[in-house]
Amino acid sequence: MTVHLTLGPIQYNWSRDRRLAFYQEIAASAVDTVVLGETVCFRRTPFLREAIAEEATLLLEAGKRVVMSTLALAVSAAERADVAALCGQAELLTEANDAGALYHLRGRPHWAGPFLNTYSPGTVAVLAANGAEQVCLPWELSLDSIRHIGRDAAGLRLEAPVFGRVPLAISARCYHARVHGLSKDGCQYVCDRDPAGMTVETLEGADFLRVNGVQTLSGAVHAAIHEVPGLLAAGVESLRLMPEAGDMRAVIAAFRAVTEGQHSLMEAEQEIRAATGGEVLCNGFLHGVDGTAWVDSTAA
Amino acid sequence: MTESSRPVASRPMPELVCPAGTPAALKAAVDAGADAVYFGFRDRTNARNFPGLNFSHEEVRDAVAFCHRTGVKPMVAINTFPDAADEGPWQQAVDTAARAGAHAVIIADAGVAAYAARTWPELRLHLSVQASAANPEAIRWYRDAFGISRVVLPRVFTVDQVRDTIAAVPDVEMEVFVFGGLCVMAEGRCSLSSYAAGRSPNKDGVCSPAERVRYEQDGAVMVSRLGPHVINRFGPGEEAGYPTLCKGRFRAEGQTGYLFEDPVSLDAGPILPDLAAAGVAAFKIEGRQRGKAYISTVVKSLRETLGGGAAGVTERQRFLEGGRATEGAYRKSWR
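Chains G and X are the protein sequences, given in the same order. Take 324 as the starting number for the first sequence in my numbering and just add one per residue. Take 3 as the starting number for the second sequence in my numbering and just add one per residue.
Think of the hints as simulated: they come from the structure by calculation, not from any bench. Among these hints, one or two may not hold up.
[To be verified] So, partial list: chain X residues that the calculated Cβ filter (under 7 Å) puts toward chain G: (1) PRO84; (2) ASP111; (3) ALA136; (4) GLU139; (5) ALA140; (6) TRP143; (7) ALA188; (8) ARG191; (9) CYS192; (10) SER193; (11) GLY200; (12) SER202; (13) PHE252.
[Said to hold, decoys possible] Calculated pairs, EDC-like style, for lysine to aspartate or glutamate (alpha carbon to alpha carbon, straight line, at most 20 Å): (14) LYS507(G) to ASP162(X); (15) LYS507(G) to ASP264(X); (16) LYS507(G) to GLU255(X); (17) LYS507(G) to GLU329(X).
[As the list claims (entries may be wrong)] Listing some non-contacts, in silico: residues in chain X with all C-beta distances to chain G over 12 Å: (18) ASP146; (19) SER151; (20) GLY310; (21) ALA313; (22) GLN319.
Because the structure is a prediction, the values reported are computed rather than measured. For every residue, glycine included, the Cβ atom is placed at its ideal position computed from N, Cα and C.
All chains, full assembly: derive it from the sequences and hints.
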């Protein structure tokens, strides 16, 4: 069976030019599906509508499947309307990131996104009954938990996140705006100054987190390459990578080379380290320990 | 005063829903005038899974019976997300609450809600704030799927949004937090704690786990750590608070300080009439981890405020973490 590779939506506030150049690279990459759509901040969406339409066309022409993802936290009338509009369109499959989107999509084929709390088979069964075809599991799940879900996945295709900064939290307030002394509604889109998120250090200078507008991301980059065989054995059929700065095509190629059995896990790890330009890598969540940890499963 | 100028009078007064981390706190809440009390089991099935807190299955049965004898509604919080390896404890929690005759169970997970609706069709289901139902469509989804009677609204709404949400889903009751600690992040969507220190609210019912907390003296400065990470440094005279991750001091853009939130807690006392007029069914007090004195003082004081009195505000605000009160998102001051 071929392992499916999915590229998740861009989490950062990248410029239209940067996005287009990025997706031109992705069009020639080894991913099967690209998820588009703004999941973090509704205030970014007016600038994105045309860009996303252009990107979808480009990717579809390159033979990629395109899925649209909804906002993780939709509260205001305008945010709710955005979710309703995405769920209402029938051209592309939609991925739900909150129960409001599940409401709009009930009874129709859709994907359940990583922002839904899918921790156990009981929840998977509810999502399947709602019409989900695939569920992307939450980042903090351990491989052991994923194994148990895999035994009883109610016919859903399971996807696991394997690469990218971990979306750890979302808030109604914007910390990017707060740091710059701005209100959320008058934010001047300052999050676009940090295309890999704003670095947050502890008081002793340790790199800890990234702020991305209303979202808080991990400081380290989750890179579950050594865990790929375990994930596939657990019943995971699709791997999700998140867009990051650096050579994303090389990262995708490293995962593909492992699923095709062309490169060893150690070779792939080295390729990912080279492609991410010295980022600190982590994989602790899958091992049931601190998410910040890098568990060297080759040492044993 | 004319009838027409007081449309609020036609609505029942919202009920006061109070926390109980121990049987003693439960008694204090009942004595102080709670209309309803919520509590949970001594395990991972509830979001205040702290050492020395919560109820055994037998204590839950006793607590439910005590509430019924005293005319108070017992609500059982089962508001974490089940372990994929063993959903049993969550299902047994629902079974015990239902058999004991709990007024309602407060559920976060869709799978647990489905189990409860299927197994105990007469049992009243409340949707926990941890389910993060942040818009009317989300509430409708839980209503249609599981027949939930009430939703505890996330602490991200303004008063206007509370009113609009009630109008949009009039057949589901809305409960709002009015006092206590505040999550800075959207509840039920946060893995900061497990990233830094292994355990999380969703998986384990724990945020910033106590077994990973350390305090170290650095000269005149008290340093608090969560796992290896410095969360705060307190100078002489500063009270060294618990290192809840999102409430720490960090550095970004050359600035040092409370990056996410200043140390404040919620006191919506001044706007209880606005929230009542908006049509909320219940006011919720946070703090199952707090002692009898907190429960007693806060419940009495909010009861006084609900009755139109002005007494007790200072007494209850003495118990606020950080010592400062905010009306939170309800006033939208930070937008």
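Against the structure, the hints come out as follows:
no. : hint                   : verdict
1   : PRO84                  : holds, 4 Å
2   : ASP111                 : holds, 6 Å
3   : ALA136                 : holds, 5 Å
4   : GLU139                 : holds, 4 Å
5   : ALA140                 : holds, 4 Å
6   : TRP143                 : holds, 4 Å
7   : ALA188                 : holds, 5 Å
8   : ARG191                 : holds, 5 Å
9   : CYS192                 : holds, 4 Å
10  : SER193                 : holds, 4 Å
11  : GLY200                 : holds, 5 Å
12  : SER202                 : holds, 6 Å
13  : PHE252                 : holds, 5 Å
14  : LYS507(G) to ASP162(X) : holds, 18 Å
15  : LYS507(G) to ASP264(X) : holds, 17 Å
16  : LYS507(G) to GLU255(X) : holds, 18 Å
17  : LYS507(G) to GLU329(X) : holds, 18 Å
18  : ASP146                 : violated, 8 Å
19  : SER151                 : holds, 16 Å
20  : GLY310                 : holds, 31 Å
21  : ALA313                 : holds, 33 Å
22  : GLN319                 : holds, 23 Å
When each numbered hint is compared with the structure, a violation occurs for hint 18 only.
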